[in-house]
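Just so you know, the protein sequences line up as chains A and B, in that order. Heads up: the first sequence runs through residues 2 to 476, numbered per my numbering. Heads up: the second sequence runs through residues 2 to 476, numbered per my numbering.
It is worth saying that the hints were derived from the structure and are not from the lab. Hints may be right or wrong, so weigh each one.
It does not matter which identical chain is meant; a pair holds if it fits inside one copy or across any two.
[Unchecked claim] Heads up, simulated DSSO-like pairs for lysine-lysine below, C-alpha to C-alpha not over 27 Å straight-line:
id	residue 1	residue 2
1	333	25
2	373	465
3	455	465
4	126	13
5	411	454
6	333	411
Protein chains: 2
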Amino acid sequence: MFHISLEHSVGKPMYQQIYQYIVKEIQQGGLACHERLPSARALAQDLNISRNTVNMAYAQLESEGYIEAIERRGYFVNELDGLLSMSGIETKSMKPDPVMTESPYAIDFSPFGIALDHAPYHCFKKLMRETMLDGGRELFQIGDSQGEPGLRRAIKEYLHRSRGVNCSEEQIVIGAGTDYLLMLLTRLFQEPQGIAMENPVYLQAYRVFQNFNYPIFPIPLDEGGLDIQALRSVEAKLVFVTPSHQFPMGIVMPINRRRQLLNWAYEAPDRFIIEDDYDSEFRYQGKPIPSLQGIDTRGRVIYLGTLSKAIAPSIRMGYMVLPEQLYQQYRKRAAFYATTVSRIHQETVRRFLAEGYFERHLNRMRGIYRSKHDYILKELARWGEAVSYIGHSAGLHLLLEFPNDGLSEKELTLRAREEGIGVYPLSAYYIAGQPKRPALLLGYANLQEAEIKKGMNALEKAWKIPTLQENQPVL
Amino acid sequence: MFHISLEHSVGKPMYQQIYQYIVKEIQQGGLACHERLPSARALAQDLNISRNTVNMAYAQLESEGYIEAIERRGYFVNELDGLLSMSGIETKSMKPDPVMTESPYAIDFSPFGIALDHAPYHCFKKLMRETMLDGGRELFQIGDSQGEPGLRRAIKEYLHRSRGVNCSEEQIVIGAGTDYLLMLLTRLFQEPQGIAMENPVYLQAYRVFQNFNYPIFPIPLDEGGLDIQALRSVEAKLVFVTPSHQFPMGIVMPINRRRQLLNWAYEAPDRFIIEDDYDSEFRYQGKPIPSLQGIDTRGRVIYLGTLSKAIAPSIRMGYMVLPEQLYQQYRKRAAFYATTVSRIHQETVRRFLAEGYFERHLNRMRGIYRSKHDYILKELARWGEAVSYIGHSAGLHLLLEFPNDGLSEKELTLRAREEGIGVYPLSAYYIAGQPKRPALLLGYANLQEAEIKKGMNALEKAWKIPTLQENQPVL
């Protein structure tokens, strides 16, 4: 049984103390992978506390992916994966230019960071070993140009469950990353198509369409995302949107705006919406909003997602769900392109999805990111009204907005970088015009709480932010 | 399912009845464009006939362009307007052709076959295990968009040793297969470039440039390969060649022709030669001829190669060596595209190359392919002068040429396929005009000697070739 010394006086709820004890045990190996936890009833009896307190601790452990409930059998410790190395800090981040893998900053608030120390390396290695052991010759032969049917089925099921995406596995094309899939998408059209893009924009997508000579129409955003009136004023046939968490503004597109966007597409037979559903896994406020694809009734949404970000950035694997009309174009024009993804990796990732590891991993990451998210908001609260922020209800970064009569974006960025702190000016993502006020992107996914705190302190100093006194009451 | 009333007494083979029924259905719209046909197995069961009969009907429909086989997905109805413009016996279908995983033929002389039973699976598995054991976190992080420097170095050294290629590792770009690398290559030019291609041609490359709206100039071949006079008569800036073993004719381009080709490129500053050095590893006669890249002194050759074919087709990995001028364009226009190849596979293949496994494997394969090559030539000798062959001094296939007063290519192909023998008509690879005489591609890489013998016997019967008596002296 556990040796938990519960302290009733430390001002920390008891369920938190139990939670922390068990997390530590798992991290230090005192609780092995797949080991069974005592039942809530037994532990409550043992510690002489209410069963409900234990249940709360177990629920938190489960929601963060440390343990897993198996019906009628109890709670079991999950695979360790990145958990063991939680103390080891890695600050490498994904940049828009992927050549840069090492950050030049001591603390890097990169919006492209992910919590690499929690990546499911061990689990992925294990599944890879299993794949190689179980797999026959076919693993070494070239497969379906669209991607292996088994993997497409697993993706279809995951997308249906978690994002309300409605499609058959036929409509899914697997490719070596989003850049490649966008390249392939351009191949379905005879000529470059006019494309409306959010302004500010996800630069990598912008670069692809620019590289393919697509006429690009920058569309301004309001608080609900893409401005539909402005969209109607241009001659675009395609529109590229990031409705789950607009990059870089962080806006979650409300359902009404989604409907308006679909209506725009329905008004002409050759209009399509490209929905890049990046960061859709992470929401901190409000009810989940279904994907655009899920509420599209006429086959006008091209849905894009990636598996690299959640599993391992080095495994180049994304998917594209094509509406029927474009699937026919794919078959006609582009099905001859051989697959770009290793069949060995496809089978490994299929197992990762089909055997439930992926969703457990996402659940755990949701807990980890939520606590980083809450922590950075708490830290930001100290700055009072000197700085405001938006885009924090989802995703892995938020946006700091500064008053126009203070430091410029450039000054803010340079002063921060002089202190060794990486922050990212919003204006870099504008394809036309400039932000209304100075604003910076602040990603937190790859930072520990202590780093966030240290980084915020350094920024406070660099920007000379008049903070509230520690002893002053804080809302 | 189809309502075909098969008549056993009409003196028309059953496969012909099925063929005619489906042609009629397609012409009358009963089968829509892109509709999927029932699988051969299902239809055979339904009609209570042998699967082979259905296969024959489908093979004929495919060879005439009514339907197309999509690897591992089944047969689909083609567009009718495509049929009208069809000149050859096989339409230029959108079928990805690298390696057929399931052949519809009992013995398949596919020119794309490789000796899968000799592929280095065990070694690759071992190196993959070692990679995963030795590798740290960096294996899971995204790497250099050009490919990992260590792998590029290993490729550079291999290419220098074995093919006389002169380059720095900077000039090498790793990508997920030749199709992708050709896509990426088009991205280095602002506009589609006029491209001269060998006629007959390697279809997969033809399809890529066609898909990118590059104006394509078919250039005839003579016994030395691409006709330089004809090349001079067109407005091409690029030329795509397969000098080591012209696909599909099998011509090895002699050194003088190579020099002439380079001189053509030197005559204008924006002319480049794309050298696809496929099958260069396997030569059976004559001295090795250095690659075009190796004798190019002014940076006008783009050198393409693949690692998938020799190691494992499912590992999507090729490389492109860019001349300095185009490397600058790559940096400017296309370096933002994230890598398409898994870093885990890159490291595994780096070990395979750097630790000498690759060259040892190639040496072994050279011996294996040489003995298959010698065997098929010995078998062909029995046919005396009924059939001639060319393209046998290198590579993994040769070309059978038939007299004009005998069976047509179509008849030769269909008769062979009726016996369950896959042979491939040369005319399918013509982008303009027709072969001077009926000719068939005969690949032998994936066949055992016994299968080659059995296949040749079946062809001899199907084509009614008057062979020399067994007891007659053979040269």
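*Up to 27 Å between alpha-carbons, please classify residue 455 paired with residue 465: within, between, both or neither.*
within (15 Å within a copy, 86 Å between copies)
*Within a copy, between copies, both or neither: where do residue 333 and residue 411 come within 27 Å Cα-Cα?*
Between. Shortest inter-copy distance 25 Å satisfies the 27 Å Cα cut-off; intra-copy 49 Å does not.
*Give the relationship of residue 333 and residue 25 under a CA distance limit of 27 Å: within one copy only, between copies only, both, or neither.*
Between. Shortest inter-copy distance 22 Å satisfies the 27 Å Cα cut-off; intra-copy 54 Å does not.
*For residue 126 vs residue 13, is the C-alpha pair at or below 27 Å within one copy, between two copies, both, or neither?*
Neither way: residue 126 and residue 13 sit 38 Å apart in one copy and 51 Å across, limit 27 Å.
*Give the relationship of residue 373 and residue 465 under a CA distance limit of 27 Å: within one copy only, between copies only, both, or neither.*
within (24 Å within a copy, 78 Å between copies)
*Should residue 411 paired with residue 454 be assigned to within, between, both, or neither, using CA atoms and 27 Å as the limit?*
Result: close within a single copy only, 23 Å intra versus 76 Å inter.
Hint 4 from the list above is the single one not met by this structure.
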